[in-house]
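Chemist: Letter by letter, the chains look like this.
2 protein chains.
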Amino acid sequence: MEVQIAVAKTNKYAVLESGDTLEVVERPNGGLSVVLADGQTSGRGAKAVSMLVVRKVIALLAEGVRDGAAARAASDLLFTEKKGKVSCTLNIASIDLQTGTVVLSRNNPAPYFVAHGERIDCIATESTPIGISRSIRPVISELPVEPGLVIVFYTDGLVHAGERTGQPMDVCFSLQAMLEEQEPSPQEIADALLNEAVRLDEGRPADDISVVVLKVLKRDGDEVRRMTVRLPIRMQE
Amino acid sequence: MEVQIAVAKTNKYAVLESGDTLEVVERPNGGLSVVLADGQTSGRGAKAVSMLVVRKVIALLAEGVRDGAAARAASDLLFTEKKGKVSCTLNIASIDLQTGTVVLSRNNPAPYFVAHGERIDCIATESTPIGISRSIRPVISELPVEPGLVIVFYTDGLVHAGERTGQPMDVCFSLQAMLEEQEPSPQEIADALLNEAVRLDEGRPADDISVVVLKVLKRDGDEVRRMTVRLPIRMQE
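First to last, the sequence lines map onto chains A and B. In terms of the working numbering, the first sequence opens at residue 40 and continues consecutively. In terms of the working numbering, the second sequence opens at residue 40 and continues consecutively.
Where hints are given, some of them may not hold.
Given that identical chains are not distinguished, each listed pair holds provided it fits within a single copy or across any two copies.
Stated by the list, open to error - The calculated lysine to any residue pairs, modelled on SDA-like cross-linking and capped at a C-alpha distance of 25 Å, are: (1) K257 to Y52; (2) K122 to H155; (3) K122 to P67; (4) K257 to R273; (5) K257 to I272.
What the hints contain is simulated information worked out from the structure, not anything from laboratory work.
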């Protein structure tokens, strides 16, 4: 099998810095974790918050701390630092090779999607962002790593896309349409969702948007791990 | 412009865990850093060493510490932890958006390559791994981020590929042949170098191998950052 993870990420229109932070890290006992945080508001302040949270989480995961405990620790850290006045959403998706499962921890009102073949489940269990009170817990799900599994999660820029123009985005509908087609790659799914959101926002995203798509493929190829990062840059000229 | 970074990574034959660790992290003032470490020997012990080093470096970079200072700190940490008995190679490549440069820090006897058009420079300045003595410094180069720039670096599994079979790999030659062709993507370059090394090792890599390729493209497309990770997995069945 092969697990493929794709990310597409853009900034709020006319804001240089995204308030979303995403990192992918190796787990000390095998596998990977994707950590995505979205700090309250946008720009520099939001970025500092989401970086603080992601750094804390990846440092703990690197020490072998469980995902749920890492999310709680990040919440307590943010609560202490900002006196409960600043919230941050947090999603952690881990491929745990010891258990053969994908572990999804979520502190984010935005739902996520789990698809298998043409069946798509929208997981919208109530979930609160971290940092705003004591004893915040993540909502945790665990799914077996199986060929055909697709998981999609994102920050609220995707949820609110199109609201300004009165054409709110229907993520489930878009995803359904895509998965009925010929085996889209995770990057194609992430790009398509992001593009649709940007289009609904008329080319000027109303918020930072990050989309993460994880897919398990049957493919038994070589044993090579691969990663590609694409960073558009604009130099001061 | 767009900076693209590609990684291809495989384990020593019949060893489950790679002694190489690679992480890509966002820099707090804009841009990205790629951190690659190869711990002495292979398997679990080597992995613990390279993870220790990479974690230290990314934690410091996240705080805004300069690459050279982060490399020195990681060296001192390893020296202190292992009493100077364990070495680790370390390469840091940073896209620094504040200066508009690529900063390359190297504590690795393996050379790296800088290409521009069909001109390829092999940078083989003497450089020692970290952790084996006090006052170790990285060799640092800084290059302007310009379309057409290609940078290739790797762990010593690539350097020693084919030695067992008496057909040592000539990285410069392979790279030259590739760059004369039609604009290979960074992932194609990384895959081709890794595949050649594995072929010279007769399908059983004599060491962990990681190849990183960074390329600057003229492309002025959308403002979307993208990342794809591909992780082959083998479950206990």
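Chemist: Are the hints correct? Go through all of them and say.
Modeler: Hint by hint, here is what the structure shows:
When the C-alpha separation of K257 and Y52 is checked against a cutoff of 25 Å, the pair qualifies only between copies, where the shortest distance is 23 Å, while the shortest distance within a copy is 39 Å. Within a single copy, K122 and H155 get their C-alpha atoms no closer than 42 Å, and across copies no closer than 51 Å, so neither meets the 25 Å cut-off. Taking CA atoms no more than 25 Å apart as the test, K122 paired with P67 passes between copies only; the shortest distance there is 23 Å, against 32 Å inside one copy. For the identical chains of this complex, K257 and R273 are inter-copy neighbours only, at 11 Å across copies versus 39 Å inside a copy, given an alpha-carbon limit of 25 Å.
For the identical chains of this complex, K257 and I272 are inter-copy neighbours only, at 10 Å across copies versus 35 Å inside a copy, given an alpha-carbon limit of 25 Å.
Against the hints set out earlier in the document, a violation occurs for number 2 only.
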